[in-house]
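Chains R and U are the protein sequences, given in the same order. Residue numbering for the first sequence follows the numbering used here, starting at 866 and increasing by one per position. Residue numbering for the second sequence follows the numbering used here, starting at 311 and increasing by one per position.
Quick caveat, the hints were computed from the structure, so don't treat them as lab data. Quick reminder that beta carbons are idealized off the backbone N, C-alpha and C, glycines included. Careful, some of the hints might be misleading.
[What the hints assert, rightly or not] Anything over 12 Å on all C-beta distances counts as not near chain U; from chain R, calculated:
(1) Lys901
(2) Ala931
(3) Glu949
(4) Ala1023
(5) Asp1042
(6) Leu1059
(7) Glu1061
(8) Asn1070
(9) Arg1094
(10) Thr1145
(11) Arg1155
(12) Ile1156
(13) Leu1167
(14) Glu1192
(15) Glu1196
[What the hints assert, rightly or not] Beyond 12 Å from chain R on every Cβ pair, some chain U residues (computed):
(16) Ile334
(17) Val336
(18) Val373
(19) Thr377
(20) Ile380
(21) Val382
(22) Leu383
(23) Val384
(24) Leu390
[Claimed, not checked] Some chain R residues near chain U, calculated using beta-carbon distances under 7 Å:
(25) Glu880
(26) Ala884
(27) Arg885
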Amino acid sequence: MSVYTGSKRSRGNPEYVVARVRSRRSMLYDESDYRKLVRMGTGEIARFMEDSEYEAEMNALGTRFAGVDLIEYAIERNLAKHFEDILGWSEGRIYDFVARYLRKFDAWNVKTVIRGIYSGADAESIETDLIRAGEIDEETLAQLTGADSIERVVEILADTIYGPPLEAAYEDYERTDLLVPLENAVDRAFYEALIEDLPAKSSANRPTELYIEFLETEIDFRNLRNAIRVAHDASTIDPTEYAIAGGRLFDVDDLTRLGEDREALIDHVRESSYGTRIETALGHLESGDRIEFENALDAALLEQADRLSNRYPVSVCPILAYILAKEREVENIRAIARGREAGMSDAEIERRVIL
Amino acid sequence: MIPETAMLLQEGAPILNDAGAAAIAVGLSALAAGYAERGIGSAAIGAIAEDDDLFVNGLILTVIPETLVILVLVVVFLVLFI
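Chain R on its own, in the form it takes in the complex:
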């Protein structure tokens, strides 16, 4: 995969990709669809999906799976298909930007494999949880799922960006027998590669600047979420261990200072440039509702992506906004299907749907 090399690469074909992506975005489920879905049983959800975007996947998988499994495999396959499409259309700089962002799924896959091995799941069930939308190729993924120990996973990944950080974290893992250091290493490797050798914001042109701005927001929100989680669990984990560099909201000192003190943390965020945008999320946090807080934070990130894509329609921003919206849809459908299976009430499920 190529890496951004400044002006040497062509500017890519944002017009083409954005036109296609916008058209696909209009096919996502809207509020009224969700209202219907929330009231359906898993069989009905599957039938509803068969009549929409997910027809091909539902038909392909329908004979092998049923119920929640069918829904989950279908949405994941569909997600991977769409994201691969986007990569296929993109050229030049747009390709770089999209590919960088989609490595998110590599991080997800690596974490899934590690978790699977840790919990003693068999290769087949790990494999079904993978999302094939990232950079790691099919062959390596097969090796990963076939690995019998976490040490072996670290070895297989040695040549990728996750290799060195995982190796370093492996010692911690052996000592503590906790997955946290490993997962954290993967996340950090992803985020570091995400902002690696992007041009400085001051010297970048407008679309690149917006891209950087979006990534910064994402990193800030991730940091905020982690900080809240750490504060909530009141554990002995050092909050700075979690901090991802590159955001605007926190630096390491802030995190050490604010990690313990939730009130101060909320005040710090409220005074930052994000204050008004994530006011709802902060409100939920103050009333102690962490699920609502995280949902509202996700919604705020999507809103931010939409705002950026309206401000500069011919850039990578609408593409990122679509990727986010699609992910959101997949998460929503999964939440509804799982909630239904677990016998939650309609209201409870509705609470988990992010609009």
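Could you slot chain U onto chain R? The hints should help.
Same frame as chain R, but now just chain U:
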């Protein structure tokens, strides 16, 4: 230098006559139209790839910058023939 041009210059006549200026105007406007159509065209093809019904809309939007060339043609006719 081409002998005739040199002669024209010596005589103090303009290097570009009316027809030549008109040709340059048309050429430049066509170039501009082409550049504008590049972006619109690729967006239109993208939209049509997703939804065939957008073919007519895409076609219309793509040729709108052609009006630049038509405007210039009007100017050319005004200058040359009136």
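Against the structure, the hints:
no., hint, verdict
1, Lys901, "24 Å, holds"
2, Ala931, "31 Å, holds"
3, Glu949, "15 Å, holds"
4, Ala1023, "39 Å, holds"
5, Asp1042, "50 Å, holds"
6, Leu1059, "26 Å, holds"
7, Glu1061, "29 Å, holds"
8, Asn1070, "16 Å, holds"
9, Arg1094, "39 Å, holds"
10, Thr1145, "33 Å, holds"
11, Arg1155, "39 Å, holds"
12, Ile1156, "35 Å, holds"
13, Leu1167, "21 Å, holds"
14, Glu1192, "20 Å, holds"
15, Glu1196, "24 Å, holds"
16, Ile334, "29 Å, holds"
17, Val336, "26 Å, holds"
18, Val373, "16 Å, holds"
19, Thr377, "20 Å, holds"
20, Ile380, "24 Å, holds"
21, Val382, "25 Å, holds"
22, Leu383, "27 Å, holds"
23, Val384, "29 Å, holds"
24, Leu390, "37 Å, holds"
25, Glu880, "4 Å, holds"
26, Ala884, "3 Å, holds"
27, Arg885, "4 Å, holds"
In summary, this structure violates none of the numbered hints.
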